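Peer 1: One-letter residues, chain by chain:
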Amino acid sequence: MSSQKTQSKRSPEASAFYIAGLILLGIVVVAFVISLFWTPYAPDATDGASKFLPPSLEHPFGTDNFGRDVLSRVMSASKYTIFISAAGVAIALILGTVSGIPAGYYGGFTDRGIMLLGNSIMCFPGILLALVAVAVFGASVTNVIWALGLVFAPTFARVCRLGTMEIKELDYITHARVMGVKPVRIMTFHIFPNLVSQLLPATVIGLANMTLFESGMSYLGLGVQPPDASFGKMLSDAQAYFRVAPWLVIFPAMMLIFYILGLYFISEGMRVSLTKGGK
Amino acid sequence: MTTHIHIVKVHHLTLSFPTRKDPNPKPILNDVDFGIRDGEILGLIGNSGCGKTMTSLAIAGLLPESASITSGSIKFAGKDLLAMDPKSRRAMLGKDIGMIFQEPSTALDPLMTCGKQLEEVLTAHKDSTKTPEERRKAIIEMLETVGFTNAEEILDRYPHQLSGGQRQRVLIAGAALLNPRLLICDEPTSSLDTVTTVSILALLKDLCHKLHMTILFISHDLSAARGFCDRVMVMKDGKIIDKDTTSDILSHPKNAYTAELLTNARLDTRLLGLEPATVDYTRSPVLTAKNITAGYGDSLFARGKNRKTDNTILHEVSLEVFPNEILGLIGSSGSGKTTLIRSLLGLLPHSGKVNIRSSSVGAIFQDPVSCLNPAHTIKWHMEEALRASGKTDNSVPRKERKAKSLAKIISVLEECGLGEQHLLRHPKELSGGQRQRVAIAMCLIQEPSLIIADEPFSSLDASSSAELLKLMTDINRERSTAFLLITHNIHIVRQICPRVIVMDSGRICEEGNTTDVLTNPKSECTSSLLDAEREIHGI
Chain A
260 MSSQKTQSKR
270 SPEASAFYIA
280 GLILLGIVVV
290 AFVISLFWTP
300 YAPDATDGAS
310 KFLPPSLEHP
320 FGTDNFGRDV
330 LSRVMSASKY
340 TIFISAAGVA
350 IALILGTVSG
360 IPAGYYGGFT
370 DRGIMLLGNS
380 IMCFPGILLA
390 LVAVAVFGAS
400 VTNVIWALGL
410 VFAPTFARVC
420 RLGTMEIKEL
430 DYITHARVMG
440 VKPVRIMTFH
450 IFPNLVSQLL
460 PATVIGLANM
470 TLFESGMSYL
480 GLGVQPPDAS
490 FGKMLSDAQA
500 YFRVAPWLVI
510 FPAMMLIFYI
520 LGLYFISEGM
530 RVSLTKGGK
Chain B
28 MTTHIHIVKV
38 HHLTLSFPTR
48 KDPNPKPILN
58 DVDFGIRDGE
68 ILGLIGNSGC
78 GKTMTSLAIA
88 GLLPESASIT
98 SGSIKFAGKD
108 LLAMDPKSRR
118 AMLGKDIGMI
128 FQEPSTALDP
138 LMTCGKQLEE
148 VLTAHKDSTK
158 TPEERRKAII
168 EMLETVGFTN
178 AEEILDRYPH
188 QLSGGQRQRV
198 LIAGAALLNP
208 RLLICDEPTS
218 SLDTVTTVSI
228 LALLKDLCHK
238 LHMTILFISH
248 DLSAARGFCD
258 RVMVMKDGKI
268 IDKDTTSDIL
278 SHPKNAYTAE
288 LLTNARLDTR
298 LLGLEPATVD
308 YTRSPVLTAK
318 NITAGYGDSL
328 FARGKNRKTD
338 NTILHEVSLE
348 VFPNEILGLI
358 GSSGSGKTTL
368 IRSLLGLLPH
378 SGKVNIRSSS
388 VGAIFQDPVS
398 CLNPAHTIKW
408 HMEEALRASG
418 KTDNSVPRKE
428 RKAKSLAKII
438 SVLEECGLGE
448 QHLLRHPKEL
458 SGGQRQRVAI
468 AMCLIQEPSL
478 IIADEPFSSL
488 DASSSAELLK
498 LMTDINRERS
508 TAFLLITHNI
518 HIVRQICPRV
528 IVMDSGRICE
538 EGNTTDVLTN
548 PKSECTSSLL
558 DAEREIHGI
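Here the protein sequences line up with chains A and B, keeping their order. Sequential numbering from 260 applies to the first sequence in the numbering used here. Sequential numbering from 28 applies to the second sequence in the numbering used here.
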């Protein structure tokens, strides 16, 4: 009955979170989509004659110490930020589910082994581990993505493991086992779809956290390499000129805040609507 | 007469769940009008979904936020409950109105000892005049009242260390501690076995007299009202359709629906037209189990301490199920029935031999809520069952195979009383009885020669149970499928099972021809089960 499905009403609280989150996130995503085709100026084009220009009609976000247009750079920076966080979360999600569900399903030594590995990753501060990995393997976007993916995988593995442990005791899984369904099939088709509601908010929060990590690493010079831009990289470049050209800090920081706040709002909205009021 | 003063008066109450799309939906409660007399036990009986729980929640003030009362009033001891502010209403809960719910396993906090939880009840109601010692004394006294002989010990126990019946007693003690004037019992016994049910009902009746409480007893089982309730109301589709003293309702039902409920509650095979197949005991059995011993392993902690505890639950159980047979397996809770079938299904490690003469065994479980995967449609469930059985023919082209399996799925669903229109539904859009039938259909499509059913009736109302029972006997007769039926309803066993096994503390204490065992019980556990059943059903 399709009518019954559409009837599931969303609480006004959840709707408010969704709308606020989508607006904030929308600003960053629109900037990203446009930057794929067009930016007002080439993001790397330097212009010695127009250094440190304050925001004006010609340069709405001003220019930086090389005379590069900040608006163009912010737009192209959103590309790296979104790409790195999305790819990193995808890796973390895949590694997390593939290890977490069997850990929860089989229990015993499988569980202990997988969780030992995950816990030992979680023992270290995540950013430190990612920094070490990038320092060892070289600073490149691919390495940053892999490093962040590995650091975040245990979080997802824990969500999956816990959910699986709960679900596997339910009658429909026992029923499937009695019917003779193979374990791998049970995990992928019987258990996984029921974990989605728990994984979704974790994924959105993961995106936000990963963006923060990426900004931190770029700030330290281990993330995106010049002349490419990411929000963290722009902030780190701008700190020397904060007094003369505050717009160099304000605009990238604003975009970063929009992106992360937008993601947090959406995950909060999901939590409220999925848990029916979040009580 | 003072005894006829109504403590609760529900006056033409109408309640519905309006949504933005549908501001005037069909009311859940439609012009409900009744009074609860001071000191009586009033039964509220009806099938699932008839609105009996909503009525009780409305009285307690615990309605979900989306519910709206469109007309009517509820008066408690003269005060209009609907006009009161939420804060003072909440203060009434527990103190004036107590509640006991169906599921004793989830109503207690697993991380708190029972004593602590009971103390919480007292402190939450700002009973600060008492010292901790006095509170402890009051709790111990109450635990003794509800039938614990070892009250002091119970105080320090955690909920998981108690049985279902004991937990329900602790909950009753918690509700009675505040000495409420009205106690609402929402299906307090439906997850308990017959022996425990009888003792809990006796306890409630006793409390009602001792503490001068009024009880609103909600149940789907009309026969449970026998000998317990003073008056009974029958509810259907949000309306109270019959109201009378218990003896009148049970012996001379005036309303056709009440009569139907009564028939279903009795589950009388002659009236329902059930007819199980005849069994030929000379054929070789479908299932042979020899000397099964099973238990739960020691925890790592206990293993590390090198201490061997005895966790054996089953002791050398042997049984045989013959083709075409419906074998009944009865026993009180904790007797090892579920452990036995889990071992038979190969879900638990066990010693001994299980020999099943069939490619697949079907299984139906107790809980209709969790028996189907909420993420998938009914069609997916059926296809999954078909795929797992390995009975699909891989030589024919994909399209043809799909059409063939779909036709098979529909025919099996129809056999189980469902149809094509259910294919694309999700489990949450089906009722409990329908879900159990999907579970049976999933077994049937695998064409097993044996279906193991673990308490399939215990969470269904009388009408759904009757339908399910009919379906099972039909399958048994037409497909000659054997059933191993685990139940605590002896009445069902008596009528459809030619042979019965009685279990107690992990051993088979009696087995044989049903009429012999049940009319002439040789062991103590069988007679105690029979006594309990007699008391409830009055047969």
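These aren't lab readings, by the way, just hints derived from the structure by calculation. Since the structure is predicted, the reported quantities are computational estimates derived from the model, not experimental observations. There's no promise every hint is true.
[To be verified] Here are the simulated BS3-like pairs of lysine-lysine, each with C-alpha atoms no more than 27 Å apart in a straight line:
| hint | chain 1 | residue 1 | chain 2 | residue 2 |
| --- | --- | --- | --- | --- |
| 1 | B | K114 | B | K143 |
| 2 | B | K53 | B | K114 |
| 3 | B | K102 | B | K232 |
| 4 | B | K263 | A | K441 |
| 5 | B | K263 | B | K281 |
| 6 | A | K441 | B | K429 |
| 7 | B | K317 | B | K106 |
| 8 | B | K263 | B | K122 |
| 9 | B | K263 | B | K102 |
| 10 | B | K426 | A | K441 |
| 11 | B | K455 | A | K427 |
| 12 | B | K380 | A | K441 |
| 13 | B | K266 | B | K237 |
| 14 | B | K435 | A | K441 |
| 15 | B | K380 | B | K435 |
| 16 | B | K406 | A | K441 |
| 17 | B | K549 | B | K263 |
| 18 | B | K237 | B | K106 |
| 19 | B | K114 | B | K36 |
| 20 | B | K143 | B | K36 |
| 21 | B | K122 | B | K102 |
| 22 | B | K53 | A | K427 |
| 23 | B | K164 | B | K237 |
| 24 | B | K143 | B | K164 |
| 25 | A | K441 | B | K431 |
| 26 | B | K406 | B | K380 |
| 27 | B | K36 | B | K53 |
Peer 1: A separate judgement is required for each hint: does it hold in the structure or not?
Peer 2: Do the hints match the structure? See the list:
no. : hint              : in the structure
1   : K114/B <-> K143/B : holds, 25 Å
2   : K53/B <-> K114/B  : violated, 30 Å
3   : K102/B <-> K232/B : holds, 24 Å
4   : K263/B <-> K441/A : violated, 44 Å
5   : K263/B <-> K281/B : holds, 15 Å
6   : K441/A <-> K429/B : holds, 21 Å
7   : K317/B <-> K106/B : violated, 65 Å
8   : K263/B <-> K122/B : violated, 31 Å
9   : K263/B <-> K102/B : holds, 23 Å
10  : K426/B <-> K441/A : holds, 24 Å
11  : K455/B <-> K427/A : holds, 19 Å
12  : K380/B <-> K441/A : holds, 23 Å
13  : K266/B <-> K237/B : violated, 33 Å
14  : K435/B <-> K441/A : holds, 23 Å
15  : K380/B <-> K435/B : violated, 35 Å
16  : K406/B <-> K441/A : holds, 19 Å
17  : K549/B <-> K263/B : violated, 43 Å
18  : K237/B <-> K106/B : holds, 25 Å
19  : K114/B <-> K36/B  : holds, 21 Å
20  : K143/B <-> K36/B  : violated, 35 Å
21  : K122/B <-> K102/B : holds, 16 Å
22  : K53/B <-> K427/A  : violated, 38 Å
23  : K164/B <-> K237/B : holds, 18 Å
24  : K143/B <-> K164/B : holds, 13 Å
25  : K441/A <-> K431/B : holds, 23 Å
26  : K406/B <-> K380/B : violated, 36 Å
27  : K36/B <-> K53/B   : holds, 24 Å
Of the numbered hints stated above, those contradicted by the structure are hints 2, 4, 7, 8, 13, 15, 17, 20, 22 and 26, listed in ascending order.
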